[in-house]
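K.L.:
The lines below spell out each chain.
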Amino acid sequence: MSGILVVLEQQEGRVRRVSLEACATAVRLGQGAVSALAFGPGAEGLAEAVGSQGVEQLLVLSASPFDRYSSDAFAHAVVQVVRQTEPSLVLFGATAFGKDLAPRVSGLLMAGLASDVTAIEADGDDVLITRPVYAGKAFQRVRIAGTPKLVSLRPNVQPAGAGGGAPARVSVPTVDVPAPRAVVTGTERSGEQLELTEASRIVSGGRGMKAPENFRLLDELAAVLGAAVGSSRPVADEGWVPHSYHVGQTGKVVSPDLYVAVGISGAIQHVAGISNSKCIVAINNDPDAPIFKVANYGIVGDLFQVVPALTAALKAHLDAS
Amino acid sequence: MKIAVLVKQVPDTATRIQLAADGSGIETANIKWVLNPYDEFAIEEALKLRDQHTGEVVLMSFGPARVEEAIRQGLAMGADRAVWISDEGVADVDYLGRAQILVAALQQESDWDLVLVGKQAVDDDAAQTGPLVAALLDWPQAMVVLGLAVDAAGRRITATRELEGATETVELPMPAVLGAQRGLNVPRYPTLPNIMKAKRKEVRHTHAAELGLDAAELTAGRRVRVEGYQLPPPRPEPKVLTGDPAEAAATLVKLLHDEAQIL
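Going down the list, the protein sequences come from chains R and D. Here this note's numbering is used: the first residue of the first sequence is 30, the next is one more, and so on. Here this note's numbering is used: the first residue of the second sequence is 197, the next is one more, and so on.
Don't read these hints as lab results, they were simulated from the structure. Be aware that one or more of the hints could be misleading.
The following residues of chain R were derived to be distant from chain D, with all beta-carbon distances above 12 angstroms [to be verified]: (1) Gly83; (2) Asp96; (3) Gln109; (4) Pro132; (5) Gly165; (6) Gln169; (7) Ala174; (8) Pro196; (9) Ser200; (10) Gln222; (11) Pro241; (12) Glu242; (13) Gln278; (14) Leu343.
Quick list of the computed label-pair ranges, beta carbon to beta carbon [what the hints assert, rightly or not]: (15) R:Pro271 / D:Arg431: 27 to 35 angstroms; (16) R:Lys344 / D:Pro429: 28 to 36 angstroms; (17) R:Ser219 / D:Val436: 50 to 58 angstroms; (18) R:Leu157 / D:Ala210: 27 to 35 angstroms; (19) R:Ser91 / D:Arg400: 20 to 28 angstroms; (20) D:Pro429 / R:Arg112: 34 to 42 angstroms; (21) R:Glu41 / D:Gln304: 43 to 51 angstroms; (22) D:Glu305 / R:Gly192: 38 to 46 angstroms; (23) R:Val199 / D:Gly424: 37 to 45 angstroms; (24) D:Leu427 / R:Pro202: 41 to 49 angstroms; (25) D:Asp307 / R:Ser219: 32 to 40 angstroms; (26) D:Gly424 / R:Ser219: 33 to 41 angstroms; (27) R:Pro271 / D:Arg212: 41 to 49 angstroms; (28) R:Lys239 / D:Glu413: 32 to 40 angstroms.
Note that the structure is predicted; figures quoted are calculated from it, not measured. Heads up, the beta-carbon is just placed ideally off N, CA and C, and yes, glycines get one too.
Turn these sequences into a full structure, and let the hints guide you.
P.N.:
Following this line, the structure appears as structure tokens:
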């Protein structure tokens, strides 16, 4: 048992960023050779991207039934590859894909899984893991007994490597899986909205926005910043924005570089969901709003004046630089 | 249609989490315990399916005696009966151990058509129980479900599940495990008559040994071991700007560029 296997996720022929972060993390741990497993048509084309992160070998399963996602078939395939290559650690991204697949693999292998991990460090042959609980109100320190150890990594937390490694060596493992039962038959993009859990910048609005049409102000600010748009829970519950915008303990837990909270008072559930952000900016007309207690920077004022002013100031800054 | 809903009791999301003095866990003294919010969506969906297709909805919960309160809440929503699996002797189990216990409880009965869970519990946020139970039962799964169509006669399910910035349609046969996401439905509030009725509904009590499991082995064999807890690092003192919006905005942009180095 040695080496690390990274289960990759690809989107239209490109490796998802979280998978590159997982590859770089695996290399950084320095616990043996790093291999990666990719599914779907064009998987062999990922050799360069993962090689640049230091991955030595790329295992590809591109043919049917791996041309469309099936949690049961994919889990059986991962299990067979793990039995053939005997890694001590298997890394997944804690995305919709990884959160669906990793625990299923855990159940089949009877191997321990730590999910949505924010820190992992080598400790001899072992790993020390930190993962948030209660949406980030606290953190657990965890060890996994036995091998292989399974870990899913929260996106946008671990750095991806600088690149520069040679392309990974491609090979095709032999697997024999039962006919897929749960099969994906279609995928639909939900508009142009950037995904909150993967965004490096987020602009969120709360009740202070007063009406759904005022989210236009946030869209304009987000466009200048290249940010995703989110919301507090009450405005999603009221239907001002889709549920997928809701940031907080029972919505999306986010970890961007920059989080701008506009007209959000800062309920404990919302604050928990953003507490892993590197920099928080609060804009609110109430100087006593709890959101200011967790913010790095704040502007006390009327958001209907402050937000357009901020959009204009950012535009001027970007034009000048 | 016979449907099991696996439910968990968790601290109310308004709870300010504090650590026990020795850091070995969280301080539970003043916590208000509630039914996991995502489990309410699972129960609601099970009730809708039962009312459409007839059958019964059975709640199952693993934990200490206090979980009966969460079970009663689910019964007051309209579930028919419940099984409480006591954590006596197995309080310290990992995700796999908990899934094994729930699966053993499910296997005390037969003819299940569906097992519903919340997509995750808002205490450990692990999101593992659904897929683990599905793997151990060797049933197909669909997690983070936003929409559901069940063809009871054809024993087929079409589920819409949430991805990052997209949704996908999954087709799977029954029996299956489904994980409910917010947006799947609007959970009903228990009415007073239903709360009264729930007090008389059957809650069968069992425990690991009665389910044929070795409590000592489950505890000793746990793979994921929590060594301690810590609180997030304190956030720095905020810099708060007031006054003319245009000036404040310009100052903020300068701070984000020069000091935070984000722009």
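K.L.:
If a hint holds in the structure, say so; if it doesn't, say that too.
P.N.:
Structure-based check of each hint:
1. Gly83: holds (25 angstroms)
2. Asp96: holds (14 angstroms)
3. Gln109: At about 15 angstroms from chain D, Gln109 (chain R) clears the 12 angstroms cut-off, so the statement holds.
4. Pro132: violated (4 angstroms)
5. Gly165: Since the minimum Cβ distance to chain D is about 6 angstroms, Gly165 (chain R) lies within 12 angstroms and the statement is violated.
6. Gln169: Nearest chain D Cβ is 5 angstroms from Gln169 (chain R), so the label is violated.
7. Ala174: violated (5 angstroms)
8. Pro196: Pro196 (chain R) clear of chain D: closest Cβ-Cβ about 27 angstroms, beyond 12 angstroms.
9. Ser200: Ser200 (chain R) clear of chain D: closest Cβ-Cβ about 27 angstroms, beyond 12 angstroms.
10. Gln222: Given a closest Cβ separation of 6 angstroms, the condition is violated.
11. Pro241: Correct as stated: the minimum Cβ-Cβ distance to chain D is 17 angstroms, above 12 angstroms.
12. Glu242: Glu242 (chain R) clear of chain D: closest Cβ-Cβ about 21 angstroms, beyond 12 angstroms.
13. Gln278: violated (5 angstroms)
14. Leu343: violated (6 angstroms)
15. R:Pro271 / D:Arg431: 27 to 35 angstroms: holds (29 angstroms)
16. R:Lys344 / D:Pro429: 28 to 36 angstroms: holds (34 angstroms)
17. R:Ser219 / D:Val436: 50 to 58 angstroms: Taking Cβ atoms as reference, Ser219 (chain R) and Val436 (chain D) lie about 36 angstroms apart, which means the hint is violated.
18. R:Leu157 / D:Ala210: 27 to 35 angstroms: For Ala210 (chain D) against Leu157 (chain R), whose Cβ atoms are near 32 angstroms apart, the range 27 to 35 angstroms holds.
19. R:Ser91 / D:Arg400: 20 to 28 angstroms: violated (49 angstroms)
20. D:Pro429 / R:Arg112: 34 to 42 angstroms: holds (41 angstroms)
21. R:Glu41 / D:Gln304: 43 to 51 angstroms: Holds, at about 46 angstroms.
22. D:Glu305 / R:Gly192: 38 to 46 angstroms: violated (55 angstroms)
23. R:Val199 / D:Gly424: 37 to 45 angstroms: Distance hint for Val199 (chain R), Gly424 (chain D) holds at roughly 42 angstroms.
24. D:Leu427 / R:Pro202: 41 to 49 angstroms: For Leu427 (chain D) and Pro202 (chain R) the Cβ distance comes to about 44 angstroms; the hint holds.
25. D:Asp307 / R:Ser219: 32 to 40 angstroms: holds (37 angstroms)
26. D:Gly424 / R:Ser219: 33 to 41 angstroms: holds (39 angstroms)
27. R:Pro271 / D:Arg212: 41 to 49 angstroms: violated (29 angstroms)
28. R:Lys239 / D:Glu413: 32 to 40 angstroms: violated (59 angstroms)
Checked against the numbered hints listed earlier, the structure breaks hints 4, 5, 6, 7, 10, 13, 14, 17, 19, 22, 27 and 28; every other hint is satisfied.
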